[in-house]
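A.B. asks: Sequence:
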Amino acid sequence: MKRFLILLVLVTQWSCGQKKMELKGDTEWQNEKNAQFKDASTSPLTKKDLRTFEGLDFFEFDSTYVVNAFLERTPNTEWFKMKTTTDRLSEERVYGILQFEIGDQSFSLNVYQGKENMQTEGYEDYLFLPYLDNTNGVTSYGGGRYIDLRIPKGNEIIVDFNKSYNPLCVYNKRYSCPIVPRINYMDIEVKAGMKDYKKE
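Its first residue numbered 1, the sequence shown is counted upward by one per residue in the working numbering.
Since the hints were derived computationally from the structure, they do not count as laboratory data.
Hints may contain errors.
[To be verified] Distance windows between CB atoms, simulated:
no.	residue 1	residue 2	range
1	S63	D148	14 to 24 angstroms
2	E124	D187	17 to 27 angstroms
3	R51	Q105	38 to 48 angstroms
4	S108	T52	33 to 43 angstroms
5	E72	D49	19 to 29 angstroms
6	I151	D49	14 to 24 angstroms
Bear in mind that the values here come from a model prediction, so they are computed numbers and not experimental data.
Just so it is clear, CB atoms sit at the ideal spot from N, CA and C, and this is done for glycine as well.
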């Protein structure tokens, strides 16, 4: 009986240890995202999905998708109401146009600035880059993905598509996510960043 109790304790400890095991990615950013999603205090997942969460699915890191973009600022653009996945409208403006190349193709994408972020401590210089590409609905989320950027001092900015992430409403319908403007469609497969989320 004593041996059985010792064995039971060891199995229980091992089981708990397994549940607390850190989820690893191939890059520091992937590790951070997995940790965020695994932590109940920061995860966008529902309680039910969090119990079976085993890590996010990413494309392999590819330096091809780390680009040095030219930022053409557009200081006189008007504020507009960007549609979201709920009735909420996000007040945004086109901060500028990013021009860059991937392989032998040239692209131009609008980068946005949110009025609410400008009034939020720590996000005053935040820029929002939503985009669509030819992986959407195949290997990545059908509604497109996002990239977080910060206003640079000059006219050049590094855009790392390996840090593309899914809207939070992909994981939980209680979130209100901006809908990617069609003008930010890229006629290319961006095989970088987060893949689509598939529940276990």
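A.B. asks: Evaluate each hint against the coordinates.
C.D. replies: Hints and how they fare:
| no. | hint | verdict |
| --- | --- | --- |
| 1 | S63 x D148: 14 to 24 angstroms | 19 angstroms, holds |
| 2 | E124 x D187: 17 to 27 angstroms | 34 angstroms, violated |
| 3 | R51 x Q105: 38 to 48 angstroms | 43 angstroms, holds |
| 4 | S108 x T52: 33 to 43 angstroms | 41 angstroms, holds |
| 5 | E72 x D49: 19 to 29 angstroms | 41 angstroms, violated |
| 6 | I151 x D49: 14 to 24 angstroms | 35 angstroms, violated |
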